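The chain contents come next:
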Amino acid sequence: MSIADSPVLDFAGSPINKALSADDKIELYRKMVRIRSFEQAALKYYNAGKMGGFLHLYIGQESVAVGTLSLCGPNDHNITAYRCHGHALAVGMSMNECMAELYGKATGCSKGKGGSMHFFAPDKNYWGGHGIVAGQTPLGLGLAYGLKYKGLEGAALCYMGDGAVNQGAYHESLNIAALFDLPVIYVIENNGYSMGTSQKRSSSFRGCLAQRAEGYDMDWDVVNGSDLYEVRAKTHIALERARKQHKPTILEINTYRYYGHSIADANHKKYRTPEEIENYKKNHDPIHLWENRLLAEGVLTAEKVTEIKNAAKQEAAASVEFAEKSPAPAVESIMTDVYWETDNNTPASAIGRHFFTD
Amino acid sequence: MSRILTYREALREGLDEELARDENVVLMGEEVAQYNGAYKVTEGLWAKWGDKRVVDTPISEAGFIGMGIGASMLGVRPVMELMFWSFHSVAFDQLVNNAACVRYMSGGLINVPIVMRGPANGGNNVGATHCHVPEALFASFPGLKVCAPATPADAKGLIKTAIRDNDPVYVMENVLLYGTTGEVPDPAAGDHLVPLGKADLKRQGSDVSLIAHGRSVLHCLAAAETLQQEHGISAEVLDLRSIRPLDVDAILATVRKTNRVVLVDESKGFGGVSAMVSHLIQDEAFDYLDAPIKRVTTLDAPAIYSPFIEPDQLPNPRRVVEKVLSLR
Numbered sequence: 001m002s003i004a005d006s007p008v009l010d011f012a013g014s015p016i017n018k019a020l021s022a023d024d025k026i027e028l029y030r031k032m033v034r035i036r037s038f039e040q041a042a043l044k045y046y047n048a049g050k051m052g053g054f055l056h057l058y059i060g061q062e063s064v065a066v067g068t069l070s071l072c073g074p075n076d077h078n079i080t081a082y083r084c085h086g087h088a089l090a091v092g093m094s095m096n097e098c099m100a101e102l103y104g105k106a107t108g109c110s111k112g113k114g115g116s117m118h119f120f121a122p123d124k125n126y127w128g129g130h131g132i133v134a135g136q137t138p139l140g141l142g143l144a145y146g147l148k149y150k151g152l153e154g155a156a157l158c159y160m161g162d163g164a165v166n167q168g169a170y171h172e173s174l175n176i177a178a179l180f181d182l183p184v185i186y187v188i189e190n191n192g193y194s195m196g197t198s199q200k201r202s203s204s205f206r207g208c209l210a211q212r213a214e215g216y217d218m219d220w221d222v223v224n225g226s227d228l229y230e231v232r233a234k235t236h237i238a239l240e241r242a243r244k245q246h247k248p249t250i251l252e253i254n255t256y257r258y259y260g261h262s263i264a265d266a267n268h269k270k271y272r273t274p275e276e277i278e279n280y281k282k283n284h285d286p287i288h289l290w291e292n293r294l295l296a297e298g299v300l301t302a303e304k305v306t307e308i309k310n311a312a313k314q315e316a317a318a319s320v321e322f323a324e325k326s327p328a329p330a331v332e333s334i335m336t337d338v339y340w341e342t343d344n345n346t347p348a349s350a351i352g353r354h355f356f357t358d
Numbered sequence: 359m360s361r362i363l364t365y366r367e368a369l370r371e372g373l374d375e376e377l378a379r380d381e382n383v384v385l386m387g388e389e390v391a392q393y394n395g396a397y398k399v400t401e402g403l404w405a406k407w408g409d410k411r412v413v414d415t416p417i418s419e420a421g422f423i424g425m426g427i428g429a430s431m432l433g434v435r436p437v438m439e440l441m442f443w444s445f446h447s448v449a450f451d452q453l454v455n456n457a458a459c460v461r462y463m464s465g466g467l468i469n470v471p472i473v474m475r476g477p478a479n480g481g482n483n484v485g486a487t488h489c490h491v492p493e494a495l496f497a498s499f500p501g502l503k504v505c506a507p508a509t510p511a512d513a514k515g516l517i518k519t520a521i522r523d524n525d526p527v528y529v530m531e532n533v534l535l536y537g538t539t540g541e542v543p544d545p546a547a548g549d550h551l552v553p554l555g556k557a558d559l560k561r562q563g564s565d566v567s568l569i570a571h572g573r574s575v576l577h578c579l580a581a582a583e584t585l586q587q588e589h590g591i592s593a594e595v596l597d598l599r600s601i602r603p604l605d606v607d608a609i610l611a612t613v614r615k616t617n618r619v620v621l622v623d624e625s626k627g628f629g630g631v632s633a634m635v636s637h638l639i640q641d642e643a644f645d646y647l648d649a650p651i652k653r654v655t656t657l658d659a660p661a662i663y664s665p666f667i668e669p670d671q672l673p674n675p676r677r678v679v680e681k682v683l684s685l686r
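Same order as they appear, the protein sequences are chains U and S.
Under this note's numbering, the final residue of the first sequence carries the number 358; numbering is consecutive throughout.
Under this note's numbering, the final residue of the second sequence carries the number 686; numbering is consecutive throughout.
Don't read these hints as lab results, they were simulated from the structure.
Since the structure is predicted, the reported quantities are computational estimates derived from the model, not experimental observations.
It is possible that part of the hints are untrue.
[To be verified] Which chain U residues stay away from chain S? Per the calculated CB distances, all over 10 Å, these:
no., residue
1, Leu9
2, Tyr149
3, Ala311
4, Lys325
[Stated by the list, open to error] Subject to a maximum C-alpha distance of 30 Å in a straight line, what follows is the list of computed DSSO-like cross-link-like pairs (lysine-lysine):
no., chain 1, residue 1, chain 2, residue 2
5, U, Lys150, S, Lys652
6, U, Lys50, U, Lys247
7, U, Lys269, U, Lys124
8, S, Lys652, U, Lys247
9, S, Lys410, U, Lys124
10, S, Lys626, U, Lys150
11, U, Lys244, S, Lys681
12, S, Lys398, U, Lys150
[Unchecked claim] Not close to chain U: a few residues of chain S, all C-beta gaps over 12 Å, as computed:
no., residue
13, Tyr397
14, Arg461
15, Gly501
16, Asp549
17, Asp565
18, Pro660
All C-beta atoms, glycine included, are put in the ideal place defined by N, C-alpha and C.
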């Protein structure tokens, strides 16, 4: 972690942050609190055996999704890996559809077909939710390609973990992004660990991970993820570079996850010291810091903080109730959403056999 | 009204017509633009359509194929060339996890209207890394569609259908077919489209059914001629054309007609398209069989280089004739 080494600058004065109203700032706070409440509820009921598969929690990293996505307009698209709940809520997906997906219910955002790692909301420019490390990085490139092809002034935000930076698909994407001048921003959410392997033990680099951009003649920056103002200020620069000049950027946002890689990561307290986790919670928690900042600015009051936190908890609890009460998908639903043509009963879908279940 | 075109020219005409029809169609791949295509399938299209519609990519299959998939989610319709289908291995995650599964995992919110095309064949002495025939491999993933045209007319008709289809379609061509010729309907007579999922009876017969796809169809036609001339055996040749969707009705119809079947398939014996077809026949037309289902497949070793013996590793007319004669 290089947070301690970063020069302390106040990004509250950057134009994109000055433009925030008091309500905007509270909304950013509310979004982060809602993500944390959702994840805490998910953890509780995952541990209670209510859901299957993996659960990769976003707790500790909320400022990244909330800060960056708060800058997105109608032509900006985004895509991420398997730690995808925070982005889903940040783009406006409901807790109900997300919790129901974790439960594997028919009311889930993917009808129970995707699970924790595969949330999607194309109507909100959110393209998932992808399970293979760095597998989404060429897709993010493609979103940028599509924007440029269609002549739209927009950018693609492609999120990834620090564990993804050593995959070939990512490097291929960087080369093409710079070669073709595509408006993509690779956001490395650097929480310091690729599963149980620390950055030091997994990546060879000079300076920082984002600096590898220089090898591709691409712009890059490092961001203190615990400061929402800084996340927004630096992401805004990258977004404008993408929208106006079709130039890609790598943003490395330093952050931290409180829990393991997934909840199945039994060793997460072995490869990290309790002091390290405690230090982060105390000194770098993005929600805590933003709360203090807004209290100091007089934007928030203690009463409002309590109200927002309680409302988020209630919303999360209600989403659990919604998921519990929702029906499981029908067995017949296994065979839909495979082909667009068969789902839509097109003339083409009536020709030949598409499915081969014995 | 027909013209004689090469398989290569027929594909090119199909691509050209679709570029004209839909402004979202983009050709992408290694050497497809300024170099005019490694096998000259796209020759002249960059000069005609320019940088936006015909795009040279770096040798970076995972990168550009994934890019095409992502772009297709926003409505672009990429038609991407693999210089050899064998190179699928370096882009497998994109071709399977992303192209085939994204629709399903999103509960049907997304579709991926891409076309992947390129040659998938042995027989031109390029060794084991360049000779994979992955049609059965990709057909085994629900969400993908696969076809393998054998003639110029089918090549044109299927590439155009593939481009218009709203699901990912993987078109398996063949280096050894690019220069072959055949009649192709005149564009003035209207759009020439060959549907996916529709097999074509390339030769009528009554004694035995030869079922194949791709270049093996030509071997079957040659073998059928020999069988007729030299042995008085009337062989029917069914060209599957499309692997998934598969024209099961046509397969069963020819088996019910001749009661004997030899499947000819450039796949290796373990798995392969013919293994699936064989299963379907025994499952759905068992009572119509007068002999065990036989296959002619590629000899079960990695592709050999030696031009002296590579033809013997692959299906060829001699092997097809011998297999038919072994049926009793």
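Here's how the hints hold up against the structure:
1. Leu9: holds, 35 Å
2. Tyr149: About 5 Å separates U/Tyr149 from the closest Cβ of chain S, which leaves it inside 10 Å; violated.
3. Ala311: At about 28 Å from chain S, U/Ala311 clears the 10 Å cut-off, so the statement holds.
4. Lys325: Holds, because the least Cβ-Cβ distance between U/Lys325 and chain S comes to about 19 Å, which exceeds 10 Å.
5. U/Lys150 with S/Lys652: violated, 52 Å
6. U/Lys50 with U/Lys247: With a Cα-Cα distance of about 44 Å, the restraint between U/Lys50 and U/Lys247 is violated, given a limit of 30 Å.
7. U/Lys269 with U/Lys124: At roughly 36 Å apart (the allowed maximum being 30 Å), U/Lys124 and U/Lys269 break the hint.
8. S/Lys652 with U/Lys247: Violated, because 58 Å separates the two Cα atoms, which is more than 30 Å.
9. S/Lys410 with U/Lys124: Answer holds: S/Lys410 to U/Lys124 is near 28 Å, not above 30 Å.
10. S/Lys626 with U/Lys150: violated, 44 Å
11. U/Lys244 with S/Lys681: violated, 66 Å
12. S/Lys398 with U/Lys150: holds, 28 Å
13. Tyr397: Fine: 23 Å to the nearest Cβ keeps S/Tyr397 off the interface.
14. Arg461: violated, 6 Å
15. Gly501: With a cut-off of 12 Å, S/Gly501 comes too close to chain U, as the shortest Cβ separation is near 5 Å.
16. Asp549: holds, 14 Å
17. Asp565: S/Asp565 clear of chain U: closest Cβ-Cβ about 27 Å, beyond 12 Å.
18. Pro660: holds, 24 Å
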